[in-house]
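Chemist: Given these sequences and hints, build the entire structure.
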Amino acid sequence: MELKGIMNIRNTKTGFFSLAGYDLWDISIAVSTSVAFILMLLVRFSGITIFASHLIFIPIAIFAYRYPEKALIFSGILAVVYLLIFNILFSKAEEDYYRTVLRALAFLCVGGFVGYISGSRKLKKERYPDIFQNIPESVFVCGITPTGLIGKIQDCNKTALRYIGHSKEEIKNLCFYDLFPEKERNKMMNMTDISTSNECLSFESEISGKNGEIYPVEISTQLFGPENSLSAIIIAKDISLRKKAEAEILDSRWKLYEAHKIANLGYWEIDFDTWGQKWSDEAFMIFGMEPTADSRVTCLELQELIDPADAPEALENYYESINKGKDYSQQMRIMKPGGEKGWIKVSCQHYLDDSGKIIRSLGTVRDITNEVNTETKIKEQAEYFGTLLETIPNPVFYKDEKGVYKGCNQAYADMAGFTREEIVGKTVYEIFEKNTAEAQNIKDDLVHRASGTQVYESEIHGTDNRIINVIVSKAAVKDKYGNPAGIVGVIQDITEIKKTKANLFKSLEEKSVLLQEVNHRVKNNLAAISGILEIEKSRIDDEKALEFLTEAENRIQSMVIVHESLYHSGSVSEIDADEHFRNLAESVMSSYSHYIQPSLFVDTNYCKIDIKSAIPCSLVLNEILTNSMKYAFCGRKKGNISIILECSDGKMTLMVSDDGIGIPDDFDPDTSPTLGMKVIYNIVRLQLRGEVTLERTKGTKWIVTWPKNGSTTG
1 MELKGIMNIR
11 NTKTGFFSLA
21 GYDLWDISIA
31 VSTSVAFILM
41 LLVRFSGITI
51 FASHLIFIPI
61 AIFAYRYPEK
71 ALIFSGILAV
81 VYLLIFNILF
91 SKAEEDYYRT
101 VLRALAFLCV
111 GGFVGYISGS
121 RKLKKERYPD
131 IFQNIPESVF
141 VCGITPTGLI
151 GKIQDCNKTA
161 LRYIGHSKEE
171 IKNLCFYDLF
181 PEKERNKMMN
191 MTDISTSNEC
201 LSFESEISGK
211 NGEIYPVEIS
221 TQLFGPENSL
231 SAIIIAKDIS
241 LRKKAEAEIL
251 DSRWKLYEAH
261 KIANLGYWEI
271 DFDTWGQKWS
281 DEAFMIFGME
291 PTADSRVTCL
301 ELQELIDPAD
311 APEALENYYE
321 SINKGKDYSQ
331 QMRIMKPGGE
341 KGWIKVSCQH
351 YLDDSGKIIR
361 SLGTVRDITN
371 EVNTETKIKE
381 QAEYFGTLLE
391 TIPNPVFYKD
401 EKGVYKGCNQ
411 AYADMAGFTR
421 EEIVGKTVYE
431 IFEKNTAEAQ
441 NIKDDLVHRA
451 SGTQVYESEI
461 HGTDNRIINV
471 IVSKAAVKDK
481 YGNPAGIVGV
491 IQDITEIKKT
501 KANLFKSLEE
511 KSVLLQEVNH
521 RVKNNLAAIS
531 GILEIEKSRI
541 DDEKALEFLT
551 EAENRIQSMV
561 IVHESLYHSG
571 SVSEIDADEH
581 FRNLAESVMS
591 SYSHYIQPSL
601 FVDTNYCKID
611 IKSAIPCSLV
621 LNEILTNSMK
631 YAFCGRKKGN
641 ISIILECSDG
651 KMTLMVSDDG
661 IGIPDDFDPD
671 TSPTLGMKVI
681 YNIVRLQLRG
691 EVTLERTKGT
701 KWIVTWPKNG
711 STTG
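Using full-length UniProt numbering, the first residue of the sequence shown is number 1, and each one after it goes up by one.
Hints in this document: simulated from the structure, not taken from any laboratory. The structure presented is a predicted model; accordingly, all values stated were derived computationally and were not measured. Check the hints yourself; a few may be wrong.
[As the list claims (entries may be wrong)] Listed next, with one range per pair, are the computed distances between beta-carbon atoms: (1) Lys-402 / Cys-299: 48 to 58 Å; (2) Asn-186 / Ala-245: 49 to 59 Å; (3) Gln-303 / Leu-201: 12 to 22 Å; (4) Glu-380 / Phe-601: 40 to 50 Å; (5) Cys-299 / Glu-380: 30 to 40 Å; (6) Asp-178 / Cys-299: 55 to 65 Å.
[To be verified] Straight line, CA to CA, 25 Å or less: simulated BS3-like cross-link-like pairs of lysine-lysine: (7) Lys-183 / Lys-237; (8) Lys-637 / Lys-698; (9) Lys-701 / Lys-638; (10) Lys-152 / Lys-237; (11) Lys-698 / Lys-638; (12) Lys-434 / Lys-498; (13) Lys-244 / Lys-278; (14) Lys-630 / Lys-478; (15) Lys-379 / Lys-357; (16) Lys-183 / Lys-243; (17) Lys-255 / Lys-278; (18) Lys-357 / Lys-278.
We put the CB at the ideal spot given by N, CA and C, even for glycine.
Modeler: Here it is, written out as structure tokens:
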């Protein structure tokens, strides 16, 4: 305050000193210096030698106090002037000379000493305001009212001004409580212990800036000053980042809790000092219990929840993991308090102290009841499917997309000369001799590429080196994305039939009977597989799986109808197209009768189809009819489907059309990834060696042409 008063005097425009541009300190230095030298000269000329030189210490002391950083320079100048005056005007006796030099050195010492003391004091006075202004927290100096409340703001630092947005003049017209939102202001005004406590008080609150923005802060208050004039230093530390971090932690904990809840995952902890257990709420829910207030469960309560048949093994494995310091994982059955049974999977890790002693276990518990039940049902279905396979007398097998056997029936194992366990996991190269394996592998590749069904005759070298003649029927299996997933095949041993055919080659009637029998038996085998698929459909609720099985069944049924037609046609080389197409169309339409029952028109112009073209043609017709039934008549109850077959100029032409909604113009069936489109194009091009044309006018019309290959007209 004194310095401010002096500065105010300097800044006023009245007074001689202000006009001269000097303050009182400068005048005092000039006057004392002049007086000292004048008196020194007068006294010196009068003959007194003791007091005169000591007068110079006065201006030196004043200057050093006022300008400590220049004290030595000023002292040196006066010392030099003093020495010059002494040498010029006074006696130059050696004794007086040494005495004069000593006085000059004394001037320097006094100036340096006083300057050091004054400089230290000045630095100290300047340091504290600098710290106050630059401290990173907001600092307020406030008065205390007689009622013990915090009063008006007396001062604050730069940080406080920056946060609250007020100017220095505005802040001094505010009470400290004015900086708080209304809800926080009432709480602060009730804190009367601020004026009665000599200790530092800390608490969290909120401060409102001039622009209305709210800042979370940590308030620390400390009283200072005499009792009759108390003031408070208040430090407001911005805790926005901490509050944000705390909010993020709470949000993460909530998300983790919800994730545990969705995943049926609880966590638990065992303290080895007390053997007390602490569970999460989800862990209580998994065991069918209500969470306790302290989230604790005793070991005895846990043992009562574990199925008695699993408890000994679970505890033994847990203690073993403790002794060996390994992680623990165990599936076990539980008995919930309400009598409900379930399955859980418990996993944990053990934590050690610095001495290597296990101090606690921290782990998770997951409800796997649905998983175990699903696995059980899958095993039951697999056993059921296996039993059905065993009832089929012909060899049946299935492989994955890499050609590795995934299963077979006993008839196939007997034919190969291995047990089923020895076959599963192997390829044909590990089961059959090289030539047979090569032939089968080539056929498998053709099935995958054609994405349809394949029937062919082959020779298999048995374990006793005899050659077995067989008919192999294979169908490609696709996954839900349309990618190859494997092959299913049925083998018909026709060794004896081939022998009979050779022996009775001259008798066409006997040969026809034998081949018809083969077709009948193949038809029965395919019908058996179709029956298995129909049974499996009744056990499945998934709509996509039902659709997949229905399409697979229709493809097999198309082959069944071919063999049925051959069986009843009386011919071994061709079938009547009209009856065959009607039977096939009615079979497909019956599978989708819940969609629509359209009118059917069939005109085959008395054409007959040779056996080589019958199955590929039937598969193509099956896919086209299936596509029409599923998509052509959406939103309609009536519709028309037309099947026309023409045979002329050495080629067969099959035209299948409907009056449905048609196929969109931007849909390219040739590049479509769907299985049905691939079956149509691949069979026509690879097996029939023909072409496919699609017309989109007035519905959809498919035109399939292929070489006649012996097909005839009636």
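Chemist: With reference to the structure, classify each hint as holding or not holding.
Modeler: Now the hints, each set against the structure:
Range check, Lys-402 to Cys-299: about 50 Å between beta-carbon atoms, so the 48 to 58 Å window is met. Distance hint for Asn-186 and Ala-245: a CB-CB separation of about 28 Å, inconsistent with the stated range 49 to 59 Å. Between Gln-303 and Leu-201 the CB atoms are about 51 Å apart, so this pair departs from the stated range of 12 to 22 Å. Distance hint check: the CB atoms of Glu-380 and Phe-601 are about 47 Å apart, consistent with the given range 40 to 50 Å.
Evaluation of the 30 to 40 Å hint for Cys-299 and Glu-380 yields a pass: the beta carbon distance comes to about 37 Å. Between Asp-178 and Cys-299 the beta carbons are some 59 Å apart, a value that agrees with the proposed interval 55 to 65 Å. With a C-alpha separation of about 19 Å, the suggested pairing of Lys-183 with Lys-237 holds against the 25 Å cut-off. Under the criterion of a C-alpha separation no larger than 25 Å, the hint pairing Lys-637 with Lys-698 is consistent with the structure, at around 17 Å.
With a CA separation close to 18 Å, the supplied pair Lys-701 and Lys-638 stays within the 25 Å bound. Taking the CA atoms of Lys-152 and Lys-237, the gap is near 20 Å; set against the 25 Å cutoff, the hint holds. Proximity of Lys-698 to Lys-638 is assessed by CA-CA distance (about 15 Å); at most 25 Å being required, the pair is judged to hold. Between Lys-434 and Lys-498, the direct Cα distance comes to roughly 23 Å. Compliance with the 25 Å bound is thereby established for this hinted pair.
At roughly 29 Å between alpha-carbon atoms, Lys-244 and Lys-278 are farther apart than 25 Å, so this suggested pair is violated. For the suggested pair Lys-630 and Lys-478, the alpha carbons sit about 19 Å apart, so the restraint of at most 25 Å is met. In summary, the hint linking Lys-379 to Lys-357 is not supported, as the alpha carbons are separated by about 44 Å, beyond the 25 Å threshold. Note on Lys-183 and Lys-243: the hinted pairing holds, with a Cα-Cα distance of about 19 Å set against a maximum of 25 Å.
With a C-alpha separation of about 20 Å, the suggested pair Lys-255 and Lys-278 falls inside the 25 Å cut-off, and the hint holds. Distance check on the hinted pair: Lys-357 and Lys-278 sit about 20 Å apart at the alpha-carbon level, within 25 Å; holds.
Checked against the numbered hints given earlier, the structure breaks hints 2, 3, 13 and 15 and satisfies all the rest.
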